[in-house]
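Colleague: In our numbering, the protein residues as written are 176 to 678.
The set of hints was computed from the structure by calculation and includes no laboratory data.
Backbone N, C-alpha and C fix where the C-beta goes; we use that ideal spot for every residue, glycine too.
Be careful, since some hints might not be right.
Stated by the list, open to error - Pair by pair, the computed Cβ-Cβ distance ranges are:
#1 ALA357 <-> TYR562: 50 to 60 Å
#2 ASP668 <-> VAL205: 35 to 45 Å
#3 TYR562 <-> VAL614: 21 to 31 Å
#4 PRO210 <-> LEU353: 35 to 45 Å
#5 PHE208 <-> ILE339: 28 to 38 Å
#6 ALA364 <-> LEU235: 31 to 41 Å
#7 GLN671 <-> ASP467: 26 to 36 Å
#8 LEU235 <-> GLY470: 35 to 45 Å
#9 ILE308 <-> ASP467: 19 to 29 Å
#10 ALA569 <-> THR463: 46 to 56 Å
#11 LEU207 <-> PRO604: 51 to 61 Å
#12 ILE657 <-> GLY470: 36 to 46 Å
What the hints assert, rightly or not - Derived lysine to any residue pairs resembling SDA-like cross-links, with alpha carbons at most 25 Å apart:
#13 LYS211 <-> CYS200
#14 LYS340 <-> ASN492
#15 LYS211 <-> ARG331
#16 LYS340 <-> ARG495
#17 LYS340 <-> THR491
#18 LYS340 <-> VAL486
#19 LYS211 <-> GLY285
#20 LYS340 <-> GLU552
#21 LYS340 <-> ASP428
#22 LYS340 <-> GLY361
#23 LYS211 <-> ILE323
#24 LYS340 <-> GLY407
#25 LYS211 <-> ALA224
#26 LYS340 <-> THR485
#27 LYS211 <-> PHE201
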Amino acid sequence: MTPFTIPTLDWWSIAPVLALTLTGCFVMLVDLFTPKRTNKSHLAAISIAGLAVTALLSVLSWDYVNNAAFGGMVIADNFTQFFNLLFVFITVVTVLLSQTQLEREDFHAGEFYSLLLFSAAGMMLMAGAADLIMVFLGIELLSISLYIMTGFSRYRLESEEASIKYLLLGSFATGFLLMGIALVYGATASTNLGCVAQSLGARSAFATDACPTIVAPFAGGRAPVILLAGMGMLLVGLGFKAAVAPFHLWTPDVYEGAPTAVTAYMSVAAKAAAFAAMVRVFLIAFPTLIADWSGMIAVIAGLTMIVGNTVAIAQTNIKRMLAYSSIAHAGYILVAVVAASEFGIQSVLFYSLAYTLMNLGAFAIVILLGRRGEENEQLADYAGLGYRQPALGALMAIFMLSLAGIPPTAGFVGKFYIFSSAIQAGQIPLAIVGVLASVVSVYFYLRVIYLMYMVEPTREYAAPLRARWAYGAAIVTAAGVIALGLYPIPLLDWAQASVGFVG
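All chains should be built: construct the whole structure from the sequences, respecting the hints.
Modeller: Below you can see the structure in the form of structure tokens.
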């Protein structure tokens, strides 16, 4: 009988996750002892302080030598730290954006901030996962928090409906993910990404001493159907979180029904976490099967770009339009994943941050113009905004131009890198589809600018009082969009230092 060996507990490798988790618990405790009907702004301050500590720990963990910890379940490399810092930034901006909506909608601030921090911890686990079981745990921690946050507008039936839809469809997608993990385990006798790669005849730095003693049973031959089916089901589970077609049907209803701050958060954070896990799983576990899975992902990428951009044209609600826009942008990121190269993954990282800036900024304007009950979300409500609220109109124009990929914005540079990586990898037809789909998107993004500056206003615009934090978030994200468009090299260099695991 083989004795059970307790793995070494390397706590530093998960220090950022621990910091976020403890902060979330502390926020709940402070809220418990805070009298009702009092200002809860101190909870936001505590959350941001915890996020600052998390960011500091991630920076200190850069170039950390112990890449595989907890028995090979977690990877604490630069790729993990890049996404940790990205998740921290997204969460900080969401905390700032939520201030206006928490006051307007009378949400429970303590619960909201705790769930926000716990969901961010789940995303960090997904980005640093070295085992399929850890991917599942991260997705569940993220998903359960988002299910609850989606239904936070208790007095709006649309919010409750969105929460139920998200829960039911998300549970169904989780079933696919679990079945995919089971099939991969059945084919390779392991769920560790490095061990799976080793069983397929590839050398992996993430393989552990506990890998099963199977000597490349599929090397030189075609992968068995059970393994291909497992990869397909993993793609379904991760594709649901990334909101790619045809697993996107939940997105418009959930984005429209959820509180706008939550919609902004899940539109960028959950998507980034899903792509981080997808890159980990397919490039570490299945490097010898690129010819098999790249074809599947290429078809999904093309379909996602086409569906997202064409259906967005027909939308009259700004949140639904941005929902289909997010689907299209998920397709762009998939194009770089299909490239399966170091430059392709650098493009994924670059575009993840660029998309975060422009999408969070757009939702910041939606929040600033919103009213109790999520009113004023029709595109027609933006008529004349550029004259009645010149600052908000200018900021919204910057975000729309960047989402459309117009230079000199971060969106243009990101798309240039993504399509360049696809061309370098020989995926020229997919790059052409992406460019044409991007051209189509120009119509519905410029339509918003047209309404703001070329159509007479239909109502008075009075930005909410005490919205300085949301204003600040909008200004910071707009500055980031312009800065990355004019000088993208530092971020690309940072991304290059984060993808050392790509062979």
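Colleague: List, from low to high, the hint numbers that the structure doesn't satisfy.
Modeller: Hint 22 is the one this structure does not satisfy, whereas the remaining hints hold.
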